[in-house]
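Number of protein chains: 2
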Amino acid sequence: MTRTSNPVYVTKDTARKIVDKYDNFLFDCDGVVWLDEDLIPGASSLLEYLTAHRKKHVAFVTNNSSKSRCEYLAKFQRLAIENVTLDMIYPTCYSAALEIRDVLHIPPKSKIWVLGDHGIEQELANLGYVVMGGTDTQLDDEFDAKSALLRVDPDVRAVVVGSTKSLNYMRIAATLQYLLYKNKSIPFIGTNIDKTYPGADGLVLPAGGSVVSFMADTAQRDFISVGKPSRRFLDLILRDRGFDRDRTLMVGDTLYTDVKFANDGDLGGGQGSLLVLSGGTTRDDLEAVVGLERDESLTPSYYTESLGHLMDLLRD
Amino acid sequence: MTRTSNPVYVTKDTARKIVDKYDNFLFDCDGVVWLDEDLIPGASSLLEYLTAHRKKHVAFVTNNSSKSRCEYLAKFQRLAIENVTLDMIYPTCYSAALEIRDVLHIPPKSKIWVLGDHGIEQELANLGYVVMGGTDTQLDDEFDAKSALLRVDPDVRAVVVGSTKSLNYMRIAATLQYLLYKNKSIPFIGTNIDKTYPGADGLVLPAGGSVVSFMADTAQRDFISVGKPSRRFLDLILRDRGFDRDRTLMVGDTLYTDVKFANDGDLGGGQGSLLVLSGGTTRDDLEAVVGLERDESLTPSYYTESLGHLMDLLRD
Chain A
1486 MTRTSNPVYV
1496 TKDTARKIVD
1506 KYDNFLFDCD
1516 GVVWLDEDLI
1526 PGASSLLEYL
1536 TAHRKKHVAF
1546 VTNNSSKSRC
1556 EYLAKFQRLA
1566 IENVTLDMIY
1576 PTCYSAALEI
1586 RDVLHIPPKS
1596 KIWVLGDHGI
1606 EQELANLGYV
1616 VMGGTDTQLD
1626 DEFDAKSALL
1636 RVDPDVRAVV
1646 VGSTKSLNYM
1656 RIAATLQYLL
1666 YKNKSIPFIG
1676 TNIDKTYPGA
1686 DGLVLPAGGS
1696 VVSFMADTAQ
1706 RDFISVGKPS
1716 RRFLDLILRD
1726 RGFDRDRTLM
1736 VGDTLYTDVK
1746 FANDGDLGGG
1756 QGSLLVLSGG
1766 TTRDDLEAVV
1776 GLERDESLTP
1786 SYYTESLGHL
1796 MDLLRD
Chain B
1486 MTRTSNPVYV
1496 TKDTARKIVD
1506 KYDNFLFDCD
1516 GVVWLDEDLI
1526 PGASSLLEYL
1536 TAHRKKHVAF
1546 VTNNSSKSRC
1556 EYLAKFQRLA
1566 IENVTLDMIY
1576 PTCYSAALEI
1586 RDVLHIPPKS
1596 KIWVLGDHGI
1606 EQELANLGYV
1616 VMGGTDTQLD
1626 DEFDAKSALL
1636 RVDPDVRAVV
1646 VGSTKSLNYM
1656 RIAATLQYLL
1666 YKNKSIPFIG
1676 TNIDKTYPGA
1686 DGLVLPAGGS
1696 VVSFMADTAQ
1706 RDFISVGKPS
1716 RRFLDLILRD
1726 RGFDRDRTLM
1736 VGDTLYTDVK
1746 FANDGDLGGG
1756 QGSLLVLSGG
1766 TTRDDLEAVV
1776 GLERDESLTP
1786 SYYTESLGHL
1796 MDLLRD
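If you're matching them up, the sequences are chains A and B in order.
Converting from the first sequence to the numbering used here requires adding 1485 to each position, the first position being numbered 1.
Converting from the second sequence to the numbering used here requires adding 1485 to each position, the first position being numbered 1.
If you're looking for bench data, these hints aren't it; they were derived computationally from the structure.
Don't take each hint at face value.
The list cannot tell twin chains apart, which means a pair is met if one copy fits it or any two copies do.
[Unchecked claim] Cut-off 25 Å, straight-line C-alpha distance, at most; resulting in silico cross-link-like pairs (PhoX-like, lysine-lysine):
id : residue 1 : residue 2
1  : LYS1541   : LYS1650
2  : LYS1560   : LYS1631
3  : LYS1497   : LYS1596
4  : LYS1596   : LYS1502
5  : LYS1497   : LYS1631
6  : LYS1502   : LYS1560
7  : LYS1540   : LYS1594
8  : LYS1650   : LYS1560
9  : LYS1631   : LYS1680
10 : LYS1650   : LYS1680
11 : LYS1680   : LYS1667
12 : LYS1669   : LYS1506
13 : LYS1669   : LYS1680
14 : LYS1502   : LYS1680
15 : LYS1596   : LYS1540
16 : LYS1497   : LYS1680
17 : LYS1594   : LYS1669
18 : LYS1594   : LYS1667
19 : LYS1560   : LYS1594
20 : LYS1497   : LYS1667
21 : LYS1594   : LYS1506
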């Protein structure tokens, strides 16, 4: 991997060079394309410029596992972002389902235990799996140590853990039984490693990665990570889209997921990460990593304010 | 600290020497005196023998924070264990409250945020604090990012996290706001470090320590540990009971809490831990620690099957 130590701030000249240099662009969503339900100004124009005018290929890669690909597609449509199709959208609920089918080779109709939201349930169901746990409202009940829901179903073939607002003691306790069952032999997939995410009004909320860590720590076992920055997730996307690794750029707002994902995955010949400052990373955070920590894997190749700012540079 | 490397299996002769040698006996509760709601056979007789016949002093030290001292007292009475008074009972909900009053010097009537059960609420209330969070049923509601419960009350002076069956996303999210508030400056007390505890029918359930770790990990900050094996907890008890460290023995069923508590705390001149095999530790677990791991702090001075077995040895 050849990569300069310092990130390049994107100027008008750099912006043009970037668009010329890469054929394929991977975009994180929250903090990059939108902030919760609000489109980031200029993001839609940039995406249209890349796809319609410059014939570039794009895909969307998010560590959020709560929404299925269909729900993401609806969101793109709601925000009037055009030319996005289902096969361009990679949330970690989808990569979890693909891991089960294509890597673990677990046959359809098998039972999968879920601690997570609808997105995971829907992607598993789309591939023909039978979902146990998840948003099942029986698990909303007050904890009861005598509940049949705490008895392991020996037919369960894998456990998927991700973000869920339905988190409660009953779900955690039931999931723990599966993670410990038969000397911890049921495969344990974690959708992501993000500990928190920014909510409205300055809230910082627990993210899927905190739930995954919680279960891993309580069960004292490792998990298969199918989210950014996992190389297996990147390889899956490149293979699926037919993207040339050397000619692909990842655009994201988070150093330890998006930038690390690109750098560890050798995108763009080691120059494949563009950080935008419109989400979870401030200029101070960036300087801390580039200055004090000097962690190459967290250092973006380029950085800019936002997709809108990038569009402005390209338009002038 | 002088301590033999190998634990001594208690024989009739050792049993008599132990009772002669120590004036004070600290007992863990679950797995030692009782298993859930069942008295461990012989435990009551041993306690009576030590206190009534041999004039020894005893105290009960549990990492469970769910029950207050009054609730523990009721349990001792329910199980017909005699001569136990409130001042002999040290659950970690009590040590958390004492930490707030005597170490952090937070004045009564201050607000304390709790992620935990009634025990913590009651012990804080007993010392005159105003409890926020905890079992407040408003927090049982479905997560709502707009809820006023997620807005930090700037008058909250400390956060206590412990075991709770009421764990849900709303409580976790609200607690996280307090842990992050003002650059993580509100003191954060964790009642214990136990990740799991054994339930009925082979269940393994998430314990308070898993919740404490979860919050520490998500907030990316350390906590003040007021449970076993923390030295501050032991020192508090010895001071409070007027027990001589050199003449005190800790009896417990867990290596990394009870035995470590005694060994790190230099009880009995470095010979102050007695492991019983009636709870969470098997003979295999013990052998793994003594054999392969060779961790001195986890190696008990003595071990025996149960309090009942010890009583049998003393009786013959």
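| task | Classify it for me, LYS1669 with LYS1680: is the Cα-Cα distance of at most 25 Å met within a copy, between copies, both or neither? | result | both (24 Å within a copy, 16 Å between copies)
Tell me, please, which holds for LYS1594 and LYS1669 at an alpha-carbon limit of 25 Å: within, between, both or neither?
Cα proximity of LYS1594 and LYS1669: one copy only (22 Å, versus 47 Å across).
Self-check item: Homomeric proximity label, LYS1560 with LYS1594: Cα distance no greater than 25 Å
Solution: Neither. Shortest intra-copy (30 Å) and inter-copy (48 Å) distances fail the 25 Å Cα cut-off.
- Item | LYS1596 and LYS1502: within-copy, between-copy, both or neither at 25 Å Cα | neither (49 Å within a copy, 57 Å between copies)
Legend entry - LYS1650 and LYS1560: within-copy, between-copy, both or neither at 25 Å Cα: within (19 Å within a copy, 36 Å between copies)
Checklist entry - With identical chains treated as interchangeable, where does the CA-CA distance between LYS1594 and LYS1667 reach 25 Å or less: within a copy, between copies, both, or neither? => result Within. Shortest intra-copy distance 22 Å satisfies the 25 Å Cα cut-off; inter-copy 50 Å does not.
Measure nothing new, just compare the shortest in-copy and cross-copy C-alpha distances for LYS1502 and LYS1560 to 25 Å and report within, between, both or neither. Result: close neither inside a copy nor across copies, 31 Å intra and 74 Å inter.
Inset, instruction - Have a look at LYS1502 and LYS1680 and pick one of within, between, both or neither, based on CA distance no larger than 25 Å. - result: neither (35 Å within a copy, 52 Å between copies)
| message | Cα distance capped at 25 Å. Does LYS1596 pair with LYS1540 within a copy, between copies, both, or neither? | response | Answer is neither; intra-copy 42 Å and inter-copy 60 Å both fail.
Exercise for the section: Classify it for me, LYS1540 with LYS1594: is the Cα-Cα distance of at most 25 Å met within a copy, between copies, both or neither? Expected result: neither (40 Å within a copy, 66 Å between copies)
*Measure nothing new, just compare the shortest in-copy and cross-copy C-alpha distances for LYS1497 and LYS1596 to 25 Å and report within, between, both or neither.*
neither (53 Å within a copy, 54 Å between copies)
Taking 25 Å as the upper bound on the Cα-Cα distance, should LYS1497 and LYS1631 be classified as within, between, both, or neither? So LYS1497 and LYS1631 fail the 25 Å test inside a copy (65 Å) and across (41 Å) alike.
In the structure shown, a violation is registered for the earlier hints numbered 1, 3, 4, 5, 6, 7, 12, 14, 15, 16, 19, 20, 21, in ascending order.
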